[in-house]
Amino acid sequence: MATTDETQTDLVTVTIDGKSIKVPKGTLVIEAARQVGVMIPHFCYHPKLDPDANCRMCLVEIEKMPRLQTSCSTPVAEGMVVKSGSSEQVETARKSVLDFILANHPLDCPVCDQGGRCDLQDFSHEYTATVSRFSELKRVFQKEYFSPLIETQMNRCVQCLRCVRYCDQVMDVKALAPVGRGTLTEIKAFGAHELDCEFCGGCVQICPVGAITSRMSMYEFRPWMLKRTDSICGYCGDGCQLTYQTKNNDLIEVSSTYGSGRNNGDLCARGYFGYQVSEHPDRLKTPMIREGESFRTVTWEEALEHVGQSLLAIKQKHGPDAIAGLITGRCTNEDLYVFQKFMRGIIGTNQLDSSVRSGHLAGIKALQRVQGTPRWTVAFEDILEADVLMLVGTNVTETNPITGLKVKEAVKRRGARLITIEALEPAIGTISNISNLASYHFSVRADRIHEAVLGFMKSVMETHGVDQEIRGGAAGFGNDIFSRLSGMPWSKLEQMTGYETSRFAEAAAVFCQGKKVVVLVGQGVLRSPGGYGTTMNLLDLLLLTGKMPRPGCGVAPLAELNNDQGAFEMGAVGEALPGGVPIDHAETRQALTRAWERSIPATPGASFPEILGRMKAGTIKALLMVGENPLGSLPPSSGVEQAMQKLEFLVCQEAFRTETAGIAHVLLPVATAAEKDGTFINTEGHLQTVRKAVEPAGESRPDWEVFSALSVMMDDPMEYLDVRDIGKEIRNLLPGTRVLGPAPMPPKPDSQTVQAYMAGEYQRDVAVRYRLPEGPEPASDELVLVLTQSLFHSGKFSLKANGLIKVESAGRLYVNPQEAGRRGLGEGDRVALHNSQGSVEVTIGFRERIPSGMGVFPEHFDGEICRLFPYTVDPETKSLVWKSTVVRVEPVPVLPGSRK
Amino acid sequence: MPVYEPILLKNMEQPGYTGSLKDYEQAGGYQALRKVLKEYAPEAVIEAVKKSGLRGRGGAGFPTGVKWGFIPKDHPGPKYLCCNADESEPGTFKDRQLMERDPHQMLEGMLITCYAIGAETAYIYIRGEFRLGAKILWRAIDEAKAAGYVGDNVLGSGRTINVYVHQGAGAYICGEETALLESLEGKRGLPRFKPPFPATHGLYQKPTVVNNVETMANIPHIINRGWEWFASIGSPPKSTGTRVFCLSGHVKRPGNYEVPMGIPFRELIYEFGGGMRSEKPLKAFIPGGASAPFLTPEHLDVKMDFEALALAGSMLGSGGVTVMEEGTSMVWAALRLMEFFYHESCGKCTPCREGSSWLVQILQRIWHKRGQSGDIELMEELCRNIAGRTVCAFGEAEVGPVLSTIKHWRHEYESLIQESAVSGRGGRELPVLAL
Amino acid sequence: MSEKLQKEVKEILARYPVKRSALLPLLNLVQEQEGYVSESAMREIAGVLDLTPAQVFETVTFYTMFHLKPIGTYHLQVCRSLMCALVGSDDVVDWIKKVLDIGPGQTTPDKAFTLSVVECLGSCGTGPMMQVNDDYYEQLTEAKVKRILDDLRRDGTSSMKSGPFMHPQPVRP
Ligand SMILES: Cc1cc2nc3c(=O)[nH]c(=O)nc-3n(C[C@H](O)[C@H](O)[C@H](O)COP(=O)(O)O)c2cc1C
Ligand code: SF4
Ligand code: FES
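These protein sequence lines are chains F, R and D, in that order.
Under our numbering, the final residue of the first sequence carries the number 900; numbering is consecutive throughout.
Under our numbering, the final residue of the second sequence carries the number 1435; numbering is consecutive throughout.
Under our numbering, the final residue of the third sequence carries the number 2173; numbering is consecutive throughout.
Be aware that one or more of the hints could be misleading.
Stated by the list, open to error - Computed list of lysine-lysine pairs in PhoX-like fashion (alpha-carbon distance at most 25 Å, straight line):
hint	chain 1	residue 1	chain 2	residue 2
1	D	K2161	F	K412
2	R	K1145	D	K2010
3	R	K1187	D	K2010
4	R	K1252	D	K2069
5	F	K25	R	K1194
6	R	K1238	R	K1050
7	D	K2097	R	K1135
8	F	K247	F	K616
9	F	K83	R	K1252
10	F	K64	F	K48
11	R	K1252	D	K2019
12	D	K2161	R	K1187
13	R	K1145	D	K2004
14	F	K412	R	K1145
15	R	K1187	D	K2019
16	R	K1010	R	K1303
17	R	K1187	R	K1010
18	D	K2069	F	K143
19	F	K315	F	K616
20	F	K48	F	K412
21	R	K1073	R	K1022
22	F	K95	F	K138
23	D	K2069	R	K1145
The hints are simulated quantities; they were obtained by calculation from the structure and are not laboratory data.
It should be emphasised that the depicted structure is a prediction, and the values quoted were computed from it without experimental measurement.
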């Protein structure tokens, strides 16, 4: 692994077509040429991939070398003199390569979706290859169905293998196979089967010609007709930059660009194929007011008037705390900020909450408590440069696929060592599996991750002790935790995790050697009981090993939704004001009061579980629901239905008629991510600009506009010209929310906070965090059942995305085949799941990567099954924790005559 | 007929010699290995092989000792030896005989090589069709293992050397050394671009030597009888030792003949091969396997060594000499070989992949009397644009037959084109080009 | 997998430091046992070697010796490369056709014989030749071909097969 400073000092001078430049040693000639403005044509080269030098298009003349060299695979050397455009020999060679390629390439450009942005077309144009002299029969492949989303036209293939190499080297999926030999090689999926993979769309994007195209937009456009809008994906916390391509206000396709965005041009299925939400026929297009069992379409004026008056009336009659609000972390910062300002300043309550509560907040709170900032102290660049990476309960490929790609790149291309503690078996499947890349993998059941982390920490402490530096300053802290860990018997840890002490010790040794160590924490931790505590312990681990204040080291909780981080930082939770500061922070209160010219309620905020409680108790009478759907997403055990029924007034700002919207009194249609301007903050804490690509569906408006309009109706106007106006207000209050450039500048841990934490603050809950559970193990015939996010769904909209539904449209109970075999179950069998909460029937599916004793169900299809889940409220984060349960599994007898 | 002392074929020419370990030992086998382990430092072995002048017998003729010298000495990890037993070059069938008849000879050579380069593992990559050869090699390895020549602590030296046979599955390109490595890694046999060379980044990206079977078989003799002896055979200094030439085609006695390098083709063909099989005189011959450009009767006195052939515009290659009598169509011969190359191009490089299919179709057309004017010039141009523009030497190889037949027998092409009743693809359907 | 097979697989895996290297040997083994490489075999091998089925598939299809579908019990492969063609390999195809009434790419109705023409098998000095399953048959004549086919049908093998190979036999004064 070459570090940047090494290469920087090792510069060599090369001359290309007469232009000289100094570039780092090891730079490829083709890249050096690009830097001096010499574009060398190529098909198979791509900076993301290892050079393969197969297309032979990039040949150049290099002085003192006997024959033409491929510039894509030749590194520069001191004094090298390269001729590209200035060499006749090179010109002939390139022409001939085009000639060869065109020999078997069909001339179907007029019906090819790549037409107009095809490398082959462009180069042919540039090298004016006259009419092909190829008068033989062209190779013709039989047209085969490839997949629901991706189409192949193998007659157009130039066999550069970029798709295959991308699928392997970048994605680690390896779903594409070059089948056959010679000219008759074609790109296929396995055997006679259709493609089953991550559907990242990478092969479509990386194909230099029209051999692999998207079926979503077939024949709908010619590239030059499309308008491009760069924006940020609205699905997950990774915050990928993508480009919406539109034609007359229709979203035609999405693309991304190498070198731009935090994703550096990569996308996942959700980003690439999940865009058809805007135009969904089920979109709410007009405001509606309930009338008996149905809704009446009304004008915005009438709806706003009605909502404003109703809220005012309730406030007057019962006080401001009779009203509460809930917003989704899919909204922009501007929406979120105006929302909380509306709740606090106009309504006068701190009873507000957002989806960040249900997971990411556990991480944020831990970060804030230990390091004094709610943001990561690292960025994706640090993942790439880390020498040791640790993943704890992330299921990263499915929840945060692009963060996953950074991990893959660090491990596969830069030699980082990976330690994973995941509810995953290292097995090959149709989607990649991060644990396959681990040097040390601890495959534990979802409910044993905390114990595995304790075992790991114990091993680190026992073999390597506390870091020298902190031993002096915070001896008490170190000793305390050391002794707590020492008190845990290895026998019990081994039994709970299934791993031997020696295995922990080996991994611990690698961890301790790490100079740049990033620990990623995912939903498997953040959404499970004690997840906050596990995250805290991982922060302790970095402190104890002296890694924590060092640059390049940090704990990085993964945000689920695209703007969960923003929801917290904009103050869209009861207990925090904009900036994420506690609600009782006097200075901030003063500053806000001044800026808003309104007072801020002094009552403590309420989290959504608390709001639910107050709804049940009848003290909260009205609820403003922005993009959240508790009825459809919380388990019945939470009592959400009873609570909602008791409401006098429920307003839903929604894009679709969700379960919750179905019982609302007023429905206000709002814009989706592609339909509005604003900003998101991704999981790294990087603020990025969101741009409107299409007009909002029907009469929908951005959420902030609704709050603003309501304030007018309530005679307390809070008006903004546009999002920029809001942005200005936010930036004035929060200097950290400026768009700072292409990459985040992660904050440093606040040393005072860190010192105070180690000096004694940690004691507050240390006993709870360093304790092994006493409860009974699930009986051997019971299954730990976990709801997890799938790669193909995220947030509340993916179920409306036609492309994603084509890949995954229903849930199954996934278990590993051995587990199923033990229970006498086959794939597709129906089983009944029972526990004290009830019984539900589901269909069995196989996934090798699920550990034994565990079953996984995709949460987006949890409609029925969520009945089985009891809930708890985490005492620290006050979130509803309910994604796992224990069930008994019984086969459902197959009725005679019925088919499986 | 002149008599030369056989070296590699000596044992197997003894009546009753079975190639078993017992027979091999009785004939003096494994003495070289013993000697090396006792008396030679690894560098000394490399030095001796360098001085012997031995050059690779697989086709490229690279000096063997020099190749070994490229292996980094202080490399901490494993190193490998791969014996190239893929023998697929049309016209070549010597390795098969060396393996099936005297497997211990090459095995001993491999063991000495492993000692010299510091490899603990060696693989014999044998083409998939050679089932019998693979069986014989496995048996030989087992025997050698039982006798302590292979395995842990070879002959008490403290050295570990394991040897395994690895069978291919039908792909000529896997004889190319980097494709061989890819194939050995369980992948499609696509050549890698060089640099880096196998000597530093070979099998599993570790330092690796790839040597041909016949190259390996020479090693014990160089040790036993000294490099000076070896260097004096053939036409020193550049072409030392003997070669097992594979004679095929229209001769009376085709087969493998081991002769010192440097005898003229005439001698091999007329003395050893007994001359032409009928009264028809010799029209053309291929001097070094299908990749070597064709030569004419004028070249019969060319010496069979590396330089002389290079001067004559061809190459010694793999040692396969194919003789064609008067009446053989050179267009047809070129077509047959081009069909082979088309079938075997791995498909990695555009010029080779598309060029081979294009050339084959033009040749087919011409042969079936549907040629058109300009076809010859087009083929020449295509060939120029293939050779030197590809990852591996297959590119040069595949144009050899076409260019050389056009060069020497252009009139045959011209007259077929002139005879063409219909030109272009308007005529009969092309035969299906299936793999 | 049978126990014997499992043992064999283990022994093959032990030869290589990297699992994928065992791919060709395992495929060869499967084809030896089943006559061809089925999809389920590819999946199973992928499982053993930690590969995706697509990785096994791409490799299988590169090599001409693997069959993705069952073929006849006896696979007659006649070399058609130049050196054999010079000494009459095209005739061999005709002779076989005369006896079995099948052309290249075809299988006899009783699934006993499949005929293929292939490129050089490394037997150029003893052509024309053909390979039948594991065995080489060289210096073929029409009568010899007929006898080999009869032998195969009757005994499952033929004494006409050659090897260990040496040609010419040494001529001694
Ligand atoms: C297309 C191609 C096919 C080759 N086939 C063989 C082969 O079948 N056997 C062989 O020994 N070398 C073959 N070679 C040569 C090898 O690449 C390599 O040079 C040789 O194995 C090195 O061994 P040597 O130095 O002992 O000759 C081939 C080369 C090319 C380019
Ligand atoms: S020259 Fe031909 S055979 Fe060699 S790597 Fe390129 S395509 Fe493959
Ligand atoms: S870009 Fe260099 S060979 Fe393809």
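Would you pick out the hints that fail for this structure and give their numbers low to high? Result: hints 1, 4, 7, 8, 9, 10, 11, 12, 14, 17, 21, 23 break, sorted rising.
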